[in-house]
Every structure is written in structure tokens, then in C-alpha cells.
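Numbers 1 to 595, taken from UniProt numbering, label the letters of the sequence shown in order.
These are computed hints drawn from the structure, not numbers from a lab.
Keep in mind the model is a prediction, meaning the values are calculated, not measured.
The C-beta atom is built at its ideal place from N, Cα and C for all residues, glycine as well.
Hints should not be assumed to be uniformly reliable.
Restricting the straight-line Cα-Cα distance to at most 25 Å, the calculated cross-link-like pairs of lysine-lysine (PhoX-like) are [said to hold, decoys possible]:
hint	residue 1	residue 2
1	LYS308	LYS253
2	LYS345	LYS261
3	LYS129	LYS207
4	LYS452	LYS353
5	LYS353	LYS27
6	LYS92	LYS129
7	LYS207	LYS166
8	LYS308	LYS220
DEER-style ranges, computed between Cβ atoms [to be verified]:
hint	residue 1	residue 2	range
9	GLU171	VAL16	33 to 39 Å
10	THR15	SER425	53 to 59 Å
11	LEU113	LEU266	47 to 53 Å
12	LYS198	LYS449	40 to 46 Å
13	SER217	ASN450	53 to 59 Å
14	ASP95	PRO73	28 to 34 Å
15	GLU119	GLY50	21 to 27 Å
16	THR93	PHE201	50 to 56 Å
17	LYS167	ILE383	16 to 22 Å
18	THR420	ALA174	18 to 24 Å
19	GLU257	ASN401	21 to 27 Å
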Amino acid sequence: MPPNIRAEWAYDLETVMEEAGWEALWKVSRSRCAAFRIPYPLIVLVKVLGMDFPKLNALVKIKAVLDEDIHLPEEHEVPLIELYPTLNQKNKTLDIEGTAHCIDRVRFFYHYLWMPWDEDEDDDTIWVKQHLESRLKLYYDMREKVINEETCEIIRSLIREARDVKKRISEYEALLPEDLHEEETPEDLIEETCELMKLHFRLRQIKAEMDILENPSLRKLLGQQSSKRKEKHRDFKDKKNIYYFVWLGGTVKRLQELFIKIQTMLPEDTFMKISGCLSDALDIVEIGDTILLSEGHHFVKYYNELQKGGSIIGICNIEDIVLYPTESELSSALFDFSGTEVLLKNICIDLGKLHEGIIVRKDCTVIITDCRIRVSDIPSNTIPSKWGVTVMPGGKLVFENTVFQGLGIAVTIFPTGEVTMNKCSFEDCCEGIRLNDNVTFTATECSFKNIKHGHALVMETEKVTSPKIVKLKSELTDTSLNKVVLNESFCNKRASELPRQVNDRVDAIIKTEWTRTAVSDTLTDTSIDMVETTAPTQAADGQTQFGNARHLDPSDCIFVFKNTLSDYEEPPSDEENSGRFNQYVCWKMDEPELL
1 MPPNIRAEWA YDLETVMEEA GWEALWKVSR SRCAAFRIPY PLIVLVKVLG MDFPKLNALV
61 KIKAVLDEDI HLPEEHEVPL IELYPTLNQK NKTLDIEGTA HCIDRVRFFY HYLWMPWDED
121 EDDDTIWVKQ HLESRLKLYY DMREKVINEE TCEIIRSLIR EARDVKKRIS EYEALLPEDL
181 HEEETPEDLI EETCELMKLH FRLRQIKAEM DILENPSLRK LLGQQSSKRK EKHRDFKDKK
241 NIYYFVWLGG TVKRLQELFI KIQTMLPEDT FMKISGCLSD ALDIVEIGDT ILLSEGHHFV
301 KYYNELQKGG SIIGICNIED IVLYPTESEL SSALFDFSGT EVLLKNICID LGKLHEGIIV
361 RKDCTVIITD CRIRVSDIPS NTIPSKWGVT VMPGGKLVFE NTVFQGLGIA VTIFPTGEVT
421 MNKCSFEDCC EGIRLNDNVT FTATECSFKN IKHGHALVME TEKVTSPKIV KLKSELTDTS
481 LNKVVLNESF CNKRASELPR QVNDRVDAII KTEWTRTAVS DTLTDTSIDM VETTAPTQAA
541 DGQTQFGNAR HLDPSDCIFV FKNTLSDYEE PPSDEENSGR FNQYVCWKMD EPELL
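Kindly produce the complete structure, drawing on both the sequences and the hints.
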């Protein structure tokens with residue numbers, strides 16, 4: 001960041017915010033969780049000891065962590081934008097509301113207005129004149145849906161990629177000596193130097209693309225061109241659906257075998273097109289179309305019409321049909337389904353560098369059958385942190401004969417989400433299924449093998465706030481688990497206790513090996529969930545935009561800044577978050593889902 005801009009923020013913060021002595025929730029970044037080899041996501045209660053205003057950082061002391069299995073150093077220097085102040089502080093003289101306002105202004109600027117390449121500019125006056133107004137307009141155009149969704153996703157993807165490229169540039173620059181000259185590059189650093197040059201070049205490319213997208217006139221022109229291109233490819237409008245056969249190449253004999261197989265699958269009058277790669281098919285596919293995949297590694301373009309409704313079906317061995325994100329794809333998930341009905345069949349989904357595989361949104365039904373969702377090439381001595389499938393409020397998901405491998409959390413179901421599983425297998429995951437209140441969940445003949453933390457089924461609930469064993473036919477049954485059914489499912493690792501989250505929502509797990517319906521089993525709520533320097537009493541629980549929040553005395557509630565994003569993940573949309581624990585929102589910025 002140009003020094004003058006950073007200095008202006010430092011002056012603003014020094015004027016209004018409290019320098020030390022206040023408590024906050026620290027949303028630990030994914031990269032830091034990976035560095036400490038602890039599960040992600042993680043929210044920690046901290047006390048601020050001091051500020052480094054020029055760096056926009058804070059020195060914090062940990063007051064509470066998840067459980068005894070998580071060990072962190074007592075003090076950390078963290079970015080200020082990762083802190084969310086609690087409302088009621090022990091020191092009543094603190095201006096905690098003014099502090100929260102200051103932090104959120106910085107957070108908004110960093111997430112929505114500041115781009116990674118801006119750091120190369122050294123004149124804040126030029127930046128303000130050239131970018132401030134245009135980026136604010138871009139922000140509000142995306143908020144008001146003036147820009148179509150495809151262009152919005154292009155913008156999000158470019159920004160995410162730029163942040164990743166900038167991070168990698170910093171890592172490579174740290175490996176090279178400061179006095180390095182191009183004509184004197186040592187042989188052992190030639191590869192790193194070349195890679196660094198490529199990254200700088202890619203960052204300039206992204207900047208050039210974003211300069212165009214920031215211009216409203218050029219942005220509108222690109223949107224019109226995209227619409228014309230799709231209409232040009234739609235030659236047969238009378239056909240209800242089109243099938244696209246993706247063939248990566250091979251012998252004539254193999255092609256003939258696949259055509260014979262397709263003939264047995266489809267009626268003779270089915271209209272079909274052939275594509276050389278999956279990305280090309282996704283560029284022209286429309287809602288309701290079907291893509292048939294041959295063997296090979298297929299790279300997925302994040303935004304496509306198929307995510308609003310359609311099918312992807314593999315016609316070969318599942319192990320030979322693998323879907324990956326494109327090398328430059330840095331979206332939050334490989335698929336983000338928001339249509340009426342989507343079918344995925346007989347394919348292997350590899351998350352690659354992405355943090356999440358599939359998102360199912362409100363009023364969308366996704367059927368996944370005979371599939372495998374995995375993370376390959378997991379570094380040794382690391383804890384899996386990637387999420388397989390997330391069902392947002394109002395989403396519906398059906399799994400049939402699906403395998404989950406090497407994931408942090410295989411399936412997450414948010415309130416009012418519905419999931420049905422039959423003959424599914426969970427292998428080498430940290431957690432199997434994470435449930436919230438008011439979900440509908442049925443699992444039949446499912447197996448959980450080598451679950452690393454023994455958490456095959458985790459329940460986050462607001463209905464239990466005291467340490468005790470809770471019978472299913474008690475207070476939980478009428479609220480959280482009345483629609484949770486386990487039939488003939490089993491876990492090969494018995495769990496004796498289950499930690500709760502820092503927010504004090506109960507993580508409950510079926511203790512015994514499951515047979516038939518687990519209605520008679522117990523849920524364990526352990527009291528040793530936190531390692532604290534003090535022992536505050538417990539209050540009612542709540543949920544924030546960035547996760548679940550523990551309400552501790554003397555903190556009756558916390559500041560929630562609606563749709564304030566972190567660098568590393570995509571939040572639910574405004575509609576999905578609306579009405580959820582708004583009684584705990586003390587001050588918020590009305591911001592949409594943008595990055």
C-alpha cells in the first residue's frame with residue numbers, strides 16, 4: 001500500500017479507536033491455521049494488548065481456544081481486519097463502538113476497494129483520482145445487480161487470482177537476495193527468478209483486464225458480446241435439450257466404443273454436439289442441457305449456465321473421469337449451484353487448490369450419484385481443512401453411492417437445508433457431517449472410516465448451553481434432531497467425548513456404533529471445551545456472518561458486520577443471511593456479496 005494511504009488510515013485509527021484493553025473475536029486465517037496445523041475454521045477469543053498503527057496490526061493475547069487439543073502461542077500479532085470487537089467490555093469507559101466502526105471501515109476498504117496491484121503505486125493522490133470513484137461505482141453496480149452474474153463472477157475470480165499471485169510473488173521474493181541483478185542470477189535461483197517474472201506478468205495482465213471492467217461503458221459492451229456469442233451457438237432453438245459429448249481425443253476404435261455406449265443411453269432423435277474440452281462446452285451450455293464426459297482430466301470453468309440447472313454424466317470408469325479447477329481458478333468452490341435441479345453422475349471431483357467443492361443454494365436440488373469427492377496430494381503432517389459439500393439454507397441434496405476422501409468437513413448442512421444419503425462412504429476425513437439446527441438429514445447404510453478426530457457426525461445447536469449428556473428424546477429432539485435419522489450406518493471409531501466450538505454451540509456426536517435408527521443413542525456435550533485464563537459464565541449463543549459466536553460475560557453480544565469478507569472464503573448471500581440472529585447486530589454495513 002502506498003505509504004501515504006496507509007498513514008492516513010493510521011491517523012484515522014489513532015484518533016478514534018481504543019489502543020488496548022478490549023476483547024474481540026479473532027477469525028484466524030486459513031493460512032495461519034495451516035501453519036499451526038490446526039483445523040479450520042477457527043475463532044478465538046482474544047484481548048488486545050496494543051496496536052501497531054503503521055502496519056494496521058494488533059498485538060493480542062489469547063483468552064480462550066477451542067479445546068485442549070489446540071495449542072497456540074499466547075500472544076500473536078494479527079491484522080486488524082481479522083478482529084471483531086465484543087460489545088460489552090469489562091472496562092465500561094472504552095469506546096468500543098467507535099473502535100468497531102474504525103475496524104470495519106478499514107475492512108471494507110481492504111476487501112472491496114483496494115486491489116493487490118495498487119501496492120506498486122507510490123502516489124496516493126493519483127490512486128484517489130483514478131480509482132476511488134470507479135471502484136465504488138463498480139461495488140454498487142454489483143450490489144444492485146446492474147452487472148450480470150457472469151461478469152460479476154469474472155471480476156471476483158480475477159481479484160481472487162490477483163491476491164493469490166501477489167502472495168506467491170512475496171514468497172518468491174523472500175527466497176531471492178535483495179542485491180540480486182538479472183545479469184548475475186545464480187544457476188540455483190534461475191527457476192525461482194523465471195517463475196517470479198511470470199507472476200509479475202500475470203499480475204499486470206489481471207490489472208489490464210480489471211481496468212477494462214472498471215469502465216462502465218466497456219463493461220456493458222463485453223456483456224453484450226457475451227450474449228451474442230451464446231445466441232450464435234444456439235442454432236436449434238426448437239430442441240428442448242442439447243447433449244454435449246466431451247471427447248479429449250483417442251483412437252478411432254475407442255471413439256466408436258463410446259458412441260455405441262451413448263446410443264444405448266439416449267433416444268435416436270437426441271440432438272448432440274461434440275466438444276474438445278469441458279471448458280468449451282460450459283461456455284455455450286444452457287440451462288437444462290446435459291454434458292457427457294469421456295475419460296480424462298477435465299478442467300472446470302467456475303461460472304456457467306449448467307450451475308442453474310442441467311447434468312454432467314461420466315460414461316466411463318469413475319476413476320478415469322476427474323474434474324479439476326482450472327490452473328488459474330481461485331473461486332470459492334468448483335461448483336456453486338443455484339438452479340432448480342442439477343445431476344452429477346459417475347464422476348470424480350478433485351478440489352485441487354480450492355477450499356470447497358460444491359455449494360448448494362436456496363431452492364436448488366442437487367442429485368449426486370456414483371461419484372467421488374476428494375482431495376489428492378495432501379501434504380504430510382497437515383490436517384485436512386477443505387470442505388466437500390455445503391448445503392446453504394433452503395438447499396436440497398441427495399447422495400447415492402458417493403465416496404468422500406481426505407476432506408476437512410465432508411458435508412456441512414445449514415439451517416433448513418435437506419440432505420438424504422444412501423450407501424455413502426467417508427474415508428480419512430476430519431469430520432463427516434456437520435449439522436445445524438432445523439435441518440432434515442437421513443443417512444442409510446453409510447460408513448465412516450478413519451475419521452481423524454472421531455467426529456463422524458457433529459451437531460451445532462443453540463439449544464444446549466450446559467455441560468451434560470443430552471438424551472435425544474429430550475430438549476434436542478423437539479428442536480434440532482427431530483428430522484435426523486440414521487439407518488444401518490456405522491463408524492469404525494468410537495468417540496468418547498466431543499469438543500464444543502469457541503462459540504459454545506454444542507458439537508454433539510452419536511457415541512455408539514450406529515445400528516438401525518439412532519434415536520435411542522445419546523449426544524455428548526463436554527464441559528472441557530475451552531482452555532481459558534478466566535472462567536466467564538455462559539450466556540445465550542448466537543451466530544455471526546462469519547460463523548458462530550460465543551457470547552461470554554461480560555460480552556452480551558458481538559458486533560456483526562454484514563457481508564464483510566475475509567481474503568480466503570466466500571460468504572452466504574444477503575438473502576441467506578437475512579433474519580439470522582439480527583438481534584445481536586449492534587452496527588452493520590449493508591454490504592452485498594461481492595468478492
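* Asked: Between THR15 and SER425, does the C-beta distance stay in 53 to 59 Å?
  -> With a Cβ separation near 58 Å, THR15 and SER425 satisfy 53 to 59 Å, so the hint holds.
* To do: With 21 to 27 Å as the target window, see if GLU257 and ASN401 comply at their CB atoms.
  => holds, 24 Å
* Sort out whether LYS261 lies within 25 Å of LYS345, counting only the CA atoms. => OK: LYS345 and LYS261 at ~16 Å, within 25 Å.
* Asked: Within 25 Å, alpha carbon to alpha carbon, are LYS452 and LYS353?
  -> Within the cut-off at roughly 21 Å; holds.
* Hinted pair LYS353 and LYS27, Cα distance within 25 Å -> Between LYS353 and LYS27 the Cα gap is close to 21 Å, so the pair holds against 25 Å.
* Hint consistency between LYS207 and LYS166 [alpha-carbon to alpha-carbon, up to 25 Å] -> holds, 12 Å
* Look at the Cβ atoms of GLU171 and VAL16 and judge whether their distance stays inside 33 to 39 Å. => Holds, at about 35 Å.
* C-beta pair LEU113, LEU266: status relative to the range 47 to 53 Å that was hinted -> Since the Cβ atoms of LEU113 and LEU266 sit about 50 Å apart, the hinted range of 47 to 53 Å holds.
* **Outcome of range test on Cβ distance (LYS198, LYS449; 40 to 46 Å)** => holds, 41 Å
* Asked: Is the hinted pair LYS308 and LYS220 satisfied, with a Cα-Cα distance of at most 25 Å?
  -> It holds: about 23 Å lies between the C-alpha atoms, which stays within 25 Å.
* Taking the beta carbons of LYS167 and ILE383, is their distance inside 16 to 22 Å? -> Roughly 21 Å apart at Cβ, these two residues keep to the hinted range, so it holds.
* Verdict for SER217, ASN450 (Cβ pair) under range 53 to 59 Å -> holds, 56 Å
Comparing the model with each earlier hint shows violations of hints 1, 6, 18; every other hint is respected.
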